[in-house]
Amino acid sequence: MNTRRSGLAPRTFMLLLMAYLLLPLLATGLYAFAENWQNTLLPEAWTFSWFGEMFKDIRFLEALWTSLYLCLITVVLSLAVMLPAVFVITVYFPRWESFMKGIVVLPYAVPGVVAAVGLIRAYSSGPLNISGTAYLLVGAYFVVILPYMYQGIRNSLLSVSAVELLNAAELLGASRRSAFVNVILPNIWPGVIVSALLSFSVLFGEFVLTNMLVGGHIQTIQVYLYRRVGESGHLASAIAISYFVFILLLSALLMRLGTLGKR
Amino acid sequence: MKKMKQRQRGVILALLPFVLMVLAFQVVPLLSMLTGSFRREDGTGFTLGNYLHAVQSAYYMQAIKNSLLISVSSSVIGIAAGLLCAYCITRFTPAVRDRLLMLSNMTSNFAGVPLAFAYIILLGNNGVFTLLFKQWGWSVFSDFNLYSWSGLILVYVYFQIPLALLLLYPAFYGIREQWKEAAALLGAGSWQFWRTVGLPVLSPAIFGTLGILFANAMGAYATAYALVGGNYNLLAVRIGSLVAGDVVTQPQMGSTLAVLLALSTLLAVYLNQRMVRLTEGFVSKSPRKRLWRREASAGVRTAALEEAGQ
Amino acid sequence: MNDYLKLQGIRKRFGDAQVLNGVDLSVAEGELVTLLGPSGCGKSTLLRCIAGLAELDGGSIELERRELTSLPPRSRDVGMVFQSYALFPNLTVSQNVEYGMRMRGMAPAARRSRCRELLAMVDLEDKRDMYPQSLSGGQQQRVALARSLAVQPKLLLLDEPLSALDAKIRKNLRAEIRQIQRRLGMTTLFVTHDQEEALILSDRICIMNQGRIVQEGSPEQLYTAPRTEFAARFMGSYNVLTRAEALTLFRSLRSAADSFAIRPEALRLLADGEKPGEDTDGMIAVKGTVQSISVLGNIIRAVVEAAGICLTVDLLNDGRWLRVREGEGVTLMLDPAQLLQLEQEGA
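Residue numbers (the numbering used here), protein chains in the order written: chain A, 1 to 263; chain B, 264 to 573; chain C, 574 to 920.
Everything labelled a hint here was simulated from the structure, so no lab data went into it.
All values reported here derive from a predicted model rather than from experimental measurement.
For glycine and all other residues, C-beta sits at the position ideal for the given N, C-alpha and C.
Hints are not guaranteed to be accurate.
Just a few of them, taken from the derived set where beta-carbon distance is under 7 Å, the chain A residues facing chain B [stated by the list, open to error]:
id	residue
1	21
2	33
3	79
4	81
5	85
6	88
7	99
8	114
9	118
10	121
11	218
12	235
13	236
Label pairs and their in silico Cβ distance ranges [unchecked claim]:
id	chain 1	residue 1	chain 2	residue 2	range
14	B	470	C	588	37 to 45 Å
15	B	357	C	793	43 to 51 Å
16	A	7	C	870	32 to 40 Å
17	A	7	C	612	29 to 37 Å
18	A	7	C	588	13 to 21 Å
Generate the whole structure from the sequences, applying the supplied hints.
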């Protein structure tokens, strides 16, 4: 009953929290539109020129493109690898599930720096010298999104009770493969799309691995942003805000899909 | 017979790519790092020298100490603030609560480089507030230096609080209104209730979250790297420069420190898993409730992952 | 009647819904009174108002001549047992039982001995060091009962304490609660939606509907003489008839009421061709057909259609009726003396 009424104290604390959390965002936003901002509480003059400059910068567009296609390739690869694997484990070998879960959850106990150290050592010499290449980065990205993809696919399979569906389809005379393609896939698709988008947004914000593994050779949007921070604050703000708005739109889409999927 | 064989081939085909990818990009690198930490500087033989060196070097020990200190402090502050906010957020209607959570989660996308950058705009050497405070003559803030310990704490806490909030608030729904009512009827005041029942019931969630926050701070690289670069001696940044630095790299030493870092985060995450299991023990036997729990802990995991991926 | 607990004009609303609409009730010391009604009738809210867990919009509550309305829950000397037990999961059984005494600053030794006493009473001495979640539902509810009795409340409130349990345990615990209540002479308000439970347990039953008490009385009174259609339907599977239907069946009526009720077991059935016995003197015979028949154990429940009206008939399962099939013709014997007249709802 008390949950209906929120008292003064909760309101105050939440207000403070929101101020603390939103202030840096707000400042970056203002900075991106400010022509000049010094010694005053609010900027003196406004301009769109920083955004204009951003889009004129060929390196920005290149970095954006690099980020997009690297993330996309990784997510597609992950889908191709994970869908059959999680399906087989969940449906035929549920006893292996805890083992698989252990493997899949490991990336979140191992920080990015540590993963990068291992990857660099393993692939900078010997038969597979792929250090500094996109191959290595895609492999590293694949591991980063393992947990999201696994959880997403597995939860979708469980929530549509894939085993029963499969049994029903087979009783009706469908082969295993056609049952998977025609019955299971269409049913888990919404949930899988959500985890794919989530993975995409995670990779889009990835910095550690990118910077350490291929920082000198390949510039993603995060690495580019890092390089520009030292040069022009206003331009960097414009980039940061654009990046943030993009991620926001992506999460909004995610949430939309999430609520649609639940219905 | 033939059908069985066919099925086996199908299963192997489905699992093979997954196994290969995990081996190549997760297992092999980790093993390589582990063996590397026992190799001599030239990459041969077996030695404990790297670990000895790490322990004896004042420089590396300082990095470890700084990282531990900043992780523990930011986690404790994050937990305290998160606990308060999580309690507050459960006092709102679900609609308002979800909107607040969404805002808070939204800011967790603002981690790493952009976050460091935002703080530089606000409080850096030429930051808006820095200049304003100077102009207004607020000397209290003149000692504040964003590129030092206090600045790092401020920024770390910024990304710890939303995470703590997200991990803790479901636990508050585990505290049933009827426990409060029963306690009130038995003569307990509000504070007595929280001391004898509320906080003990929350404690597994609190300690578990503390583990996640700690691991999160220990592994945080992007924010610190973008904010202080090499100027402040932190373990994650130190490892980065040892293996991928601009000058001479020392992969063996980097591996050693990375193993130490991984040990600390693995321990913290292990603590979290244990605590999650303990929390499950507190939940009543009704199956609906348990299902809810499982969803909550899945949410917890996803949330934790989001930060780890920064 | 001795007014140990006295409720007067209790009113409570949640938003637009008037949950309690002027409830008056007196309970004597040591009496067990049941509040019986469908979900949403306000019975649980009434209990929560007495405990102080919900605020009143109007009315007064007196316990032993002391006005409770402005007191916080812990000063009311009221114990309560919840449907979902509400045991503290981080405390053992004995710590749960001792909780109230601990909050009142009782010495540890006294607490322990009282706790032992109470656990013996609910027959759970061997579970004292276990945690609630490792006990069965029935055991948990007994712990909850012991916990609420530990502080010797003046009034015990039981909010559907048996609803979460399965049938067998419910019966045992029901008897146990009644026995403990009698032994301690504990004045008790018992909320339930189960009429069988109410009939067995209570000294007195109050039937509630839409925020008010519509009828109160002893279990026998309520069962044999429901006053309204609501009470009739709720207290058993009474056949409720409109005036027109009653006229069709009974041909003439002594009362001017608009609706009537007759209990299923007050109807007699004769198989086709069976001669009415002497015990059916004065009864009215009506031809009908069996619509459905179901065996409920010692009772056979038949639905018989006569003159376009469906009536439920309960027959003692003495083997005679097992051969009757659906669609067969029967003769219904109706006793005008058993026909109850009902008051208009809300009158």
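Cross-check of the supplied hints:
The restraint placing residue 21 of chain A at the interface with chain B holds, with a minimum CB-CB distance near 4 Å, inside the 7 Å limit. Annotation: interface hint on residue 33 of chain A violated; nearest CB of chain B at approximately 13 Å, more than 7 Å. For residue 79 of chain A, the interface hint is violated, the least distance from its beta-carbon to any beta-carbon of chain B being 11 Å, above 7 Å. Against a cut-off of 7 Å between C-beta atoms, the interface hint on residue 81 of chain A holds, since the closest Cβ of chain B lies about 4 Å away.
With a least beta-carbon distance of about 4 Å to chain B, the hint placing residue 85 of chain A at the interface is held under the 7 Å criterion. For the restraint placing residue 88 of chain A at the interface with chain B, the shortest Cβ-Cβ distance is roughly 4 Å, inside the 7 Å limit, so the hint holds. Evaluation of the residue 99 of chain A hint against chain B yields a violated restraint, the C-beta minimum of about 11 Å exceeding 7 Å. A distance limit of 7 Å between C-beta atoms decides the matter here; for residue 114 of chain A the minimum to chain B is near 4 Å, and the interface restraint holds.
A hinted interface residue such as residue 118 of chain A counts as satisfied when its beta carbon comes closer than 7 Å to some beta carbon of chain B; here the least separation is about 3 Å, so the hint holds. Here the hint on residue 121 of chain A is kept, as its CB sits about 5 Å from the closest CB of chain B, short of 7 Å. Hint status for residue 218 of chain A relative to chain B: violated, with the closest Cβ pair at about 13 Å, above 7 Å. Because the smallest distance between the Cβ of residue 235 of chain A and any Cβ of chain B comes to about 11 Å, over 7 Å, the interface hint for this residue is violated.
At about 6 Å, the closest approach between the beta carbon of residue 236 of chain A and any beta carbon in chain B falls short of 7 Å, and the interface hint on this residue holds. Evaluation of the 37 to 45 Å hint for residue 470 of chain B and residue 588 of chain C yields a pass: the beta carbon distance comes to about 40 Å. Distance hint check for residue 357 of chain B and residue 793 of chain C: the Cβ-Cβ separation is about 48 Å, which falls inside the suggested range of 43 to 51 Å. For residue 7 of chain A and residue 870 of chain C, the hinted distance range of 32 to 40 Å is not satisfied, since their beta carbons lie about 55 Å from each other.
At about 30 Å, the beta-carbon gap between residue 7 of chain A and residue 612 of chain C stays in the expected band of 29 to 37 Å. Roughly 19 Å separates the CB atoms of residue 7 of chain A and residue 588 of chain C, a value that falls within the hinted 13 to 21 Å.
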